[in-house]
Each structure stands twice: as structure tokens, then as C-alpha cells.
Amino acid sequence: MFKLNLKIALRNLWRNKSITAINIGGLAIALAAFLILMIYVTYETTFDKDNPNYNHIYLVGRKSSAFQTNFTPPSLSKEIKANFPEVEAAGTIKHNFFEFAINKDANTVFAKKHIFIEYEAAKILNIKPEHGLTQPAGDEFIFYLNKPYMETLFPGKKDDKPEMVSLGSKSAGHTGKISGVIQTDAHSNIDFDVLTVVKELGKGENYGYNNYFTYIQVKPGTDIALLTKKIEKMYRANTAKAFGEPDWKEINSVNVFLDPLKNLHLRPTAGTDTNYKVVLAISVLGLLMLVIACINFTNLSIAQAAKRAKEVGVKKVMGVFRYQLVFQFITEILIQCIVAGGVALILAELILPAFNSLFEINLNIWHNNTAIFWQLPAIIMGITLIAGIYPALVLSGFRPALVLKGNFQTSRQSYWLKNSLLVFQFAVAVIFIVGLFIINSQLKYMRTQDVGFKAEQVVAVKNMAFFTDPKVFEPVREKIMQIPGVKSVTVANAIPDGSKLGKNGYTAEGKKETLGFLDVDFDYFETLGISLKEGRFFNRAFKSDTVNSAILNESAVAKYGLVNPIGKTIRGCSMDYKIVGVIKDFKSEGFENAVEPTIYSLNNPCGNAKLEILIKIEAQQMSAALEGLKRQWSSINKLDGDHFRYQFLDELYGRLFKKQEQLQAIFFVAAMLTVFIAVLGLFAFAKYVTNARNKEIAVRKVLGATDLQILKLLNSSFFVIVLIANLLGWPLAYLLTKKWLETFAYRADMPVTPFVLSALITMGLSLLTVSIQASKSVKAKPVDALKYE
Amino acid sequence: MIKLENIEKYYANKGVKNYVLRHVTTQINKGEFVSIMGPSGAGKSTLLNIMGMLEEPTYGSYFFNEEDVTHLGERKKIELYRNHIGFVFQAYHLIDEMTVYENIEAPLLYKNVSSGERKSRIADLLDRFNIVAKKDLFPNQLSGGQQQLVGIARALAAQPAIILADEPTGNLQSVQAEEIMELFKKLNREDGITIVQVTHSEKNAGYGNRIITIEDGVIKEDLKIG
Ligand SMILES: Nc1ncnc2c1ncn2[C@@H]1O[C@H](COP(=O)(O)OP(=O)(O)OP(=O)(O)O)[C@@H](O)[C@H]1O
Ligand SMILES: [Mg+2]
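Sequence lines, in order, name chains A and B. Just so you know, we're using the numbering used here here: the first sequence kicks off at 1 and counts up by one. Just so you know, we're using the numbering used here here: the second sequence kicks off at 1001 and counts up by one.
Be a bit skeptical, because a hint or two may be false.
As the list claims (entries may be wrong) - Computed cross-link-like contacts, BS3-like style, restricted to lysine-lysine with a CA-CA straight-line distance of at most 30 Å:
1) Lys1030(B) x Lys405(A)
2) Lys3(A) x Lys1077(B)
3) Lys17(A) x Lys1135(B)
4) Lys1134(B) x Lys405(A)
5) Lys7(A) x Lys1017(B)
6) Lys1077(B) x Lys659(A)
7) Lys503(A) x Lys7(A)
8) Lys233(A) x Lys17(A)
Please keep in mind that the hints were generated in silico from the structure rather than gathered at the bench.
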């Protein structure tokens, strides 16, 4: 009995090969997309999840109305541990902010993501050196390399004995001891290539030295809100103690927060939750794809109803229970779903490499998600039920007295449902098409808009020598300038690649505001081609420029409401600056954030070290100049080392568009897929509808209708469906894309063309699809259709 | 075997009752071969459907084997379908995706007849109807008459006590029709199967032993023959 049903099912599927292929193919594609997206979402939402104390680890941060930061003073962790018994462990981490070379004989690697970590923090964060975590004694530094570095420096090393290396420039003569190899985990918030474990970080540094991340692990059941309050109270009291005359108003404006480890990757308090939203959007997208595929399935299965009606009627008068029929139809759908699942896995394997390179990750269906072994079957069962229950009920519910009469018409019954499902599919397709075009227009806007500076032909050099004092940099600049093709050279504490500026309070005309500060050197604005609005740039001719001259950008001037700012005084970091110039705003942080009101100066005691060397080079002499720099680098910049390493600024800046480009790619694929699946559905649906109307077509032809009239007749109902889908899709697409555009401080106007295009595309495709189907019936000789009366 | 008491059936359309059957009272005994005749639209099919419990009457009662089956639940109805009633249709209604053999086997599968018993019964039917050579063909590979033979074989497979046939030869040419009628007659005579058929042909009706004529939903004539 089951065997017979299975046989019938297979024969049925085989007889309607094209429809079956459409059904299975559409589902497989959607399922593949869903799988990949789910693997990605799982990956993104499970950072550090294998940490045994995942739910009890928090990062301590500070926030006020002006800032949100994870940077805390070094002593905080010890104070927390000492005062609050509910805190099981506490420790700090410090990120090294420059890259340095590690050399052994002729081999060199660069530590790009070096972090210092306290032993206790390493324990909290489940850091695992290959031979176990050992506690450093006293002031000992235990230095670990990741495996690839170790293999580069010591090829063929078999034992696990420590090794000596030289650090930084060889001539500087620093040495260090490598204790061993450490496992790194890209799937963790603690991302490093080289790690130094110490007993205590920031000894002797106090409040004000906010350069450390403080991690705590609490005992299960701790009241986090209460603990936060307690830590805040202690933090404020200790801050007050550290400064002679405490400014209580300022101190009390700072709040402490505890950011759970599980939020750190996607939605840190001190950062954006854009990634979280993207992951959320991707989950919805994946589900939508699946829903559309299910709809296709439901629709096609119902469309087949007319063909199966007779079978149902006959079986019922043979004495078959309804539930047996339901079971039979569900089985048929299950078979298709299982095949689709298999095809989906193959597709996913094929697509994954492209997805990985787009998102710069390394996902694998089998490794990242062992749960897939039960998830996929569960999803397949789920789809079978969702897509199958309704058709199964409709089909099994046919009354034999009606269907066996012979001229049974199913189309009426579920007409409304089938059409609304089709409308839904096309509406989703419309949303994706509109979305895609609007993302395109915003990206085009970002690529063609003037960003206020010229990143082209500017080289950002990696450097670890401090050039905070212009006098120290001057000889380096002179040497670089001698290389043919170099137009200008400067150094600063940040480059315009989207990095956030340090912030500080400044007072002008009695008004105190928080400004971003950028510490620069001579020729900074010239190197970047930034426009002057009034006053002048920094200039060696003015001795005071290295002492207390400042330049503001337009936004800063506007923030204070300064009129005629040139010559006025602005006070910050306990010193008075004289404003010598105002520059036009430039978008150093890309298009998402408004330009930060910023102060530029050469001398800033509260600033950060100037490490970022920027060199503007003549386009024609680019390669020669880079060659020259490479050759002479160790003599030009002795403190840095033996390796000239650089990046092109326009590439660094271009990386700010990466996220949008990823989104664009995803939308492109999603739009293609949804349109494809919708058209598949329409194709199959049109096939059934025209088949069902074969007789009507024949009769009309006999009555004298032309082919064109009949094509029009057949197309008109689908035309209405697609039109309604557009009308429904547009407002939703408008709202969603508007929301998205609003995440940009600088954005393109909402264009109209995407809406028109979506209508043209969907209508054109449906016209084509239906006409191809219909033309077969139209061309057929009327006698053939009328013969079987 | 079948007892209809005061059966009425109407379809309400915009509040207007359109009577299809009125005051139909009759009885069909075991072993009879009844033909229902009458003009088109008279209500013949409706009456047959009520006998087959495919439709329920609006008023009246229906007794099948002395049991009131006027309003019957699915479970009970299916039990009757499986064991007592066989249907034959004008349009044959074979399942297109099944071979001749499988079509005949289907009702037995639903009855949970053992596989040995199934094989022997089907072999017997195929043999009797002279369609052994066709057993692996699909319905669309058969002539109309052959399809109807399979349809009847299927109806007989479950060994029903009564066969209800709505214009079983309506789609067939006269030679094939005669063949089917002979078969019915034989089944009735030799196997004692009760047969109720709807037909337009006097000649076909002549194969049976009773003719009920309906006009406008009312029994006009009830004639025993032969
Ligand atoms: N579902 C329905 N709704 C309304 N009226 C119906 C319905 N089914 C049948 N009828 C009406 O009932 C009447 C009897 O129909 P029935 O099919 O029983 O006729 P018949 O005697 O079998 O005719 P024919 O010889 O043409 O098959 C017809 O007038 C028909 O219009
Ligand atoms: Mg009839």
C-alpha cells in the first residue's frame, strides 16, 4: 500500500517532469540560500560561545553623553576583584597599537594584532597556548606566536623549547623570547596573532590612563544591574581620589556599564549595532526565501489538484480514509523535499566559496555547524508540513460526487488563495529589485561624490617610530622628499580610513564642546588635497605653529557658532590654541557618520602618538618612488626597521564601502533568486491555467478569436496579479530602503526609477513567461482539445 | 437490500428550492438487476448517488441492509464502501498513474487483503474479463471498452454485494456496450450480485429484470420485466 503510493507518487512526478523540476529546483535553490545564510548567522551569533563561562563574562565600559568606550584604567580590574565577592575573576587586556617585526635570521613576520593580556584575563577568556597556560612569575613576559608565524620563523621546528628572536628593526637590537605556539581563533572577540601574557598590566599607571579593557567573570546568579551600580560608585570615588580637585559634575556624568560577552561581537555598547541589524536582516532574508519557495510548492501542488481530483474521488469510493489520502500527498511532497534538500547541500557547497570570499570568512557546511545533521532534516520536515498540509487537505477534501461527475473545475475553489500567494511572491521580488537598485544608487553616489580629500596616489606607510615631535620627523621628511616623484610627506596620529578620532573637551568663547582631535604635521592638508576655507594651513614659516596653532574644520566652527574664527583662541588640554585656519569638512569616516567637528594641531599633549606616515607621490613615478623608498627605508627611518610596508590610502578608504558592497551582492543574489523563483512559480502556474483552459481556447478559436486576442486574454489575469504585487511591494520597499538610506549621514535622494524598473521587469518577465506557455495552447489545433469530450 | 423512504432532494438557489427528487420511495432487493431510466436532468444520477451515499438526501430515510444509513459517519461509510458497494462510472475513472493490475489491486490493498489472496483474485478477474495480456498497461493505452472492463473488474475485486453503475456504457459503442451488459447479466445471474444502473438505452435496460422510470424527480413507472 505504501509501496503503491510511492510508486504512484514517483510516476506522477515523472509524468510532470518539468513541473517537478521547477518545484524541486526552486526549493533547492531557496534551501541552499537559507542554509548558507543560517550558517553565517550561526557563525556571527556564536562568537566565544565555546567559552565555558560564556554567560558570566562581562566587559566593563564607561559612557557619558559624549562618549561610549571600553577603555578603562588598568587598576580597575584589581579594585573590582578586591571589593566585590560576586566577581569570580577580573583581568585586563591591552592592544598594541603599532605593528612590529619579529626576526629570526633571514625570516621575518609582522605582529599585526599583538595584545598584552593578564594571566587572569587569559583564564577568563579561555586563551590556550599549545602547552597550557602558565602563570608568569613576577615581571615575566610570556610571549606566544600563532602557528603560521612560528612556522615561518622556525621552519622545521619539532621541539617546544623557547626560542630567541629579534624584535623591530634589527639594528635596534631588541631581543625577545618566544615561549611557544598559541591557538588563535578567528571566531572569538579576542583576536590576535601574537600574545604576551603578564601577571599585571599597567603597573604604576592610574586613573586617566584609559588604555585597558577590563574583563570580569561573575558568579552565577549575580545581579548585574546591582553590580554595575556598585562598580560605578567605586569608579567615581576612585576617580575623584586620583585627581586633586575633583570636578564632581564631570565625574558623575560618567556611567559604568557591563557589556556581556555575547553582545560584544554584534552589538557592543561602545560601538554600533549595524552588524547585529545586518545579521537580523539576513535571517529574515533567509526565512523569506524559504517562505517563497514553500509558497511555490503549495501553489503548484494545488494547481495540480485538477489532475488528482479523479484519483481522490475514486479512492474515496473504494473506501479510503481521508487521513490516508493526506498521508499519501504529504509523502509525495516529502519525497520532493528530500531530493531538494540533497540538491541544496550540493548547491550550498558550490556557492560557499564565493560567499566566503565576499564576507572574508571561512565557513564550512560541515565544520561550522554540526547541528546541520538534525537541522536540515528538521527543516525538510517543516517545509513538508508547511507546504504540504494545505494542498493535502484541499486535495483529500474533494467530494467524490462532485469530482466524479467528469466536468470538475478546481480552479474556482482555491483561486483566491493561489492568486494571493502569487501576489506575495512577486511583491517580495519587487522589494528586492527596488532594494537592489537603491543600494546601487547609494553606492554610485558614494563613489562619485566629492569626499573632500584626495586619497589617490597617497601611500600610508606602516611605521612604529614615534614622530609626535615635528623636529624628530623633519629629517625623515627631508630624506623622503629627496626621492623623485614624492610630492609631499606628513605624519599624523590617524589616517582618514574610517577610524574614529580621539575626543576631548575644548572651550571657545566660553562655550565648552567635545571635539575630535587629530594631531598632524606640516603638509598634512596639502598631502590629502583638503580645501582651505579661510585663514591658512600650517606652515614652517610660523614658529608658533609647532607650539599652539590650531586649525578647525567647518563643523567645529559651526558647533561653536564662531564668527570670524581666525585669530580667536580655543582652550583644551590645559593650553590655549590660536585658530589660524578653517578647512572645508572632509569625510574621513565615510558616508555613514556626519563629519566630526575636529581640531587639528601639531602640538597636543593630550593626543596620541603620531605614527601614520602619509606620502603623496606623482602618479607617473609611483612604482619608481616606491622602489626607492623600499631600498632606502632602513636609512630613512632607522627607528622603524628594515621593512618598508605600505598601503594605498584609496584602498583603505574604499574598504569603508565593503559593507555596502556585501549588502549589494547579497541583494543582487536575493533579487535574482526571488525573481527566479517567482517566475518559476508563474511558469508552472501559467502552464496549468492554460492547460485547464485548453478547451476554452479551442472553443474561442472556433468562434473566430485571433491568436493575439487569446494571448491577451490569458495574460490579462497575470498582468493584474503582477500589478497588484507592485502596488503592494512599493510602499514596503520605500519604507525599508528609506530606513536604510537614513543610516547614512550623506545619502542619495530616493530615486523613482527603481520603482518603475521593478514594475517593468516583473511585468516583462511575466508577459514573457505566460506568453511562452500560452503560445503552445494557442498554436494547437482546436480539434485536438475538443476531441476528448 | 436498499430501502428508500420518502426521499427528497433539492438545491436552494437564491432562496428558490429546485427539487431534483420528490417523494421517492422504493425498495431494491438482493439479487435484482435494476435499470433507472428517464429524460436528461430527471434526477437519475442524483438518486444513484444517494444510494451510493455520495450525496445525502434533504429529507427522507435510507436503509441499507436494514440499517439506517441516511446520515452516516465517514468511518461507517468507508466500511460499506470497502465491503459492500462497488461503483462503475460512465467515464471509467481509472487512476492514470496505475497499471491495469494496480488499479484492480487498489481496493484490496485498502481492505488489507493478504498478498496471496490478492494475487489469486486479480488473476481470476483478469482471466474472466480476458485482459490478462493488458495487465501491465496504463489506462491511456486501452480502448474505452477495455477501460470499462477494468473499471468493472476493480469494482468486483472487493467482492461487493451491490454494484452501482451510472451510464456504464454511455461512452461506448454498441458492440462494446453489449459486451458489458452481458457481463452484468452474468454477474447478476451467476454470482448473485445486485446491480443498479442508470441508462438511456431501452436495449440495455432489457438486460435487467426491473426498470424504474423517473421524470422530474418523481418515479413515474416501476416495471418488472423478464
Ligand atoms: N450541485 C447542484 N446544484 C444545483 N443543481 C444541481 C446540482 N447537481 C444537479 N443539479 C440539478 O439536478 C437535476 C438532476 O441532475 P442529475 O444529474 O441527477 O440528472 P440526470 O437525470 O442524471 O441527467 P442526465 O441523464 O443528463 O445525466 C438537474 O436539473 C441538475 O441541474
Ligand atoms: Mg446523469
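Hints, verified against the model:
no.: 1; hint: Lys1030(B) x Lys405(A); result: holds, 27 Å
no.: 2; hint: Lys3(A) x Lys1077(B); result: holds, 25 Å
no.: 3; hint: Lys17(A) x Lys1135(B); result: holds, 25 Å
no.: 4; hint: Lys1134(B) x Lys405(A); result: holds, 27 Å
no.: 5; hint: Lys7(A) x Lys1017(B); result: violated, 46 Å
no.: 6; hint: Lys1077(B) x Lys659(A); result: violated, 65 Å
no.: 7; hint: Lys503(A) x Lys7(A); result: violated, 73 Å
no.: 8; hint: Lys233(A) x Lys17(A); result: violated, 72 Å
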